[in-house]
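Asks: Given next are the chains, with one letter for each unit.
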Amino acid sequence: MAGASTSLAAKAGAGRAVGPRVIRNPWWVRVAFMTVAFIFVIGFLLLPLAAVFTEALRKGVGAFFAAFTDSDALSAIKLTLTTAAIAVPANLVFGVAASWCIAKFEFRGKSILITLIDLPFAVSPVISGLIYVLVFGAQGWYGRYLDAESPMLPWLQQWLIAQDFRIIFAVPGIVLASIFVTFPFVARELIPLMQAQGTDEEYAALTLGASGWQTFWRVTVPNIKWGLFYGVILCNARAMGEFGAVSVVSGHIRGVTNTMPLHVEILYNEYNFVAAFAVSALLALLALVTLVLKSLIEWQHQRVRPEKTSA
Amino acid sequence: MSQVSPLIPRFRRRVLPGFGLSLGFTLSYLGLIVLIPLTAAFLRTAGMSWEEFVAAVASPRVVAAYKLSFGVSLLAALVNAFFGFILAWVLVRYTFPGRRIMDALVDLPFALPTAVAGIALSAIYAKNGWLGGLLEPIWAGGVGKLANLVPWVDWKALLGDKLAFDRPGVFIALTFIGLPFVVRTLQPVLAELQPELEEAAATLGANRWQTMTRVILPELFPAIITGFALAFARALGEYGSVVFIAGNQPQHSEIVPLLIITKLEQYDYRGATAIACVMLVASFVLLLLINLLQKWSRRYHQI
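Those sequence lines, one after another, are chains A and B. So for the first sequence, our numbering puts the first residue at -12; every next one is plus one. So for the second sequence, our numbering puts the first residue at 109; every next one is plus one.
Treat the hints with care, since some could be wrong.
As the list claims (entries may be wrong) - Simulated crosslink set (DSSO-like; lysine-lysine; CA at most 27 Å straight-line):
1) A:K97 x B:K264
2) B:K264 x B:K235
3) A:K46 x B:K235
Everything labelled a hint here was simulated from the structure, so no lab data went into it.
Given the sequences, and given the hints that come with them, work out the whole structure.
Replies: In structure tokens:
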């Protein structure tokens, strides 16, 4: 995308419309379009971003950094990092496996599989959390298993009770919900890319005597590494920033099951605005780094954006 | 779209290793993380009697939330379709300083955590906020004038008289999070649009307005609709950004996802699940529609 428009742009001077005169809009249309676009981008995108940093620094740098000395804030940061450190690699492995079988092989039901992979994007974050509560909550299958009189695998039940192993209102639930909402990111980045690349290079490698894993690591992975990186940074941004799904399964136990976005909510509801915006500023910084990396990949590799944008 | 080289005979097409392993892993992971938990939600509702289900999803508070969620999501998606078209046009057709920054910024709603977006938007559009102090009196005045002009509609209940912490807040948040969808579906289509089409129209005597409405817009229509549907689907389920700016008054500015959480906090698991099921069905229908639209737009594009 960026590539196509840049090459068009190169032909025209700055501030000018592209193309021969006959297919240009009148100047007042151009001015109107530019004005509307700028007002929209400033009002909806630039101002919120600026507001986060301004509000965070409202009472000075000292108050800003004081927000991070709080032990609850530190444990929220730690939990967010832990969650992303599990969710992102899990979905990375899944994304590679799914795109390998979808892009390199023909089989029946492939288009259904692709639709099912996209399914978590269609589900509201709140509902993503809810379904895990229904499965793993006290009244769900997992809860009933722990309460059962004569369960399957009694030793497992004993062990789980002895460990007091909880999923909902505990860290495993948060990780599961984060995996669910970031499920399609890597896969949907890789599938179109690997489909476009085809299988010829892998066949060549196999013909030359490479083993399956050698082919994968030395031929496929170098070919998809940028798409992979692209999917991973988007997946990571969402995993660290997810609010709705995590909010349902977390139980909001301070210092134990609060991620950074949940910590922001608590601070905000306590009218501790400077601290809320300070933690938000850290998350906004993460979003900005994500956007910069994403744009760098797009500009350098001038990759064509897949038709379906990531959600 | 065949991924198999024509040189490879059909019977040898699985010469690459790892099909069983990757498909097996994909299906088990998909099943464990997505399909089994989703089925659980439907099974839970199946355990309810019909009367219970209707009572859970048709109470006035729930119906009000459905109306608000669907209505405002639709409105926000429409607004995004309009401004998204202009934004995509400006980004593809014009060059100006800061174009690349603007292009990168369009993805901000994808990258910014929704809770952060919520508190940032309310900091701007609240009464004591950056724009709220300026815009809120204008909005309240406009609603008041409408109430005088057309007194038989309760405009204050319909439109609210504040920006943040009222119905307009829901609209602002949903417009923000749906913003990238139309732009990003439209950009590649607009970039690939042949200038020859427009030149031909001009040669045949069409003026610029006719070329825009009869040549360009029909060509872009499938992409606009797809982006609209994606933005609508996303807005329906959105929670994080809305709760901070909506005010969340029951039967007035309470969205469906918030109602589900409220029910859960009251340990009304059945009520929450029933409401969720209706939303799930709605989003699956939308997903199906989006897939069909994309197939249609691709076919439309290849001819």
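Asks: Which of the listed hints are not met by the structure?
Replies: Hint 1 contradicted; others consistent.
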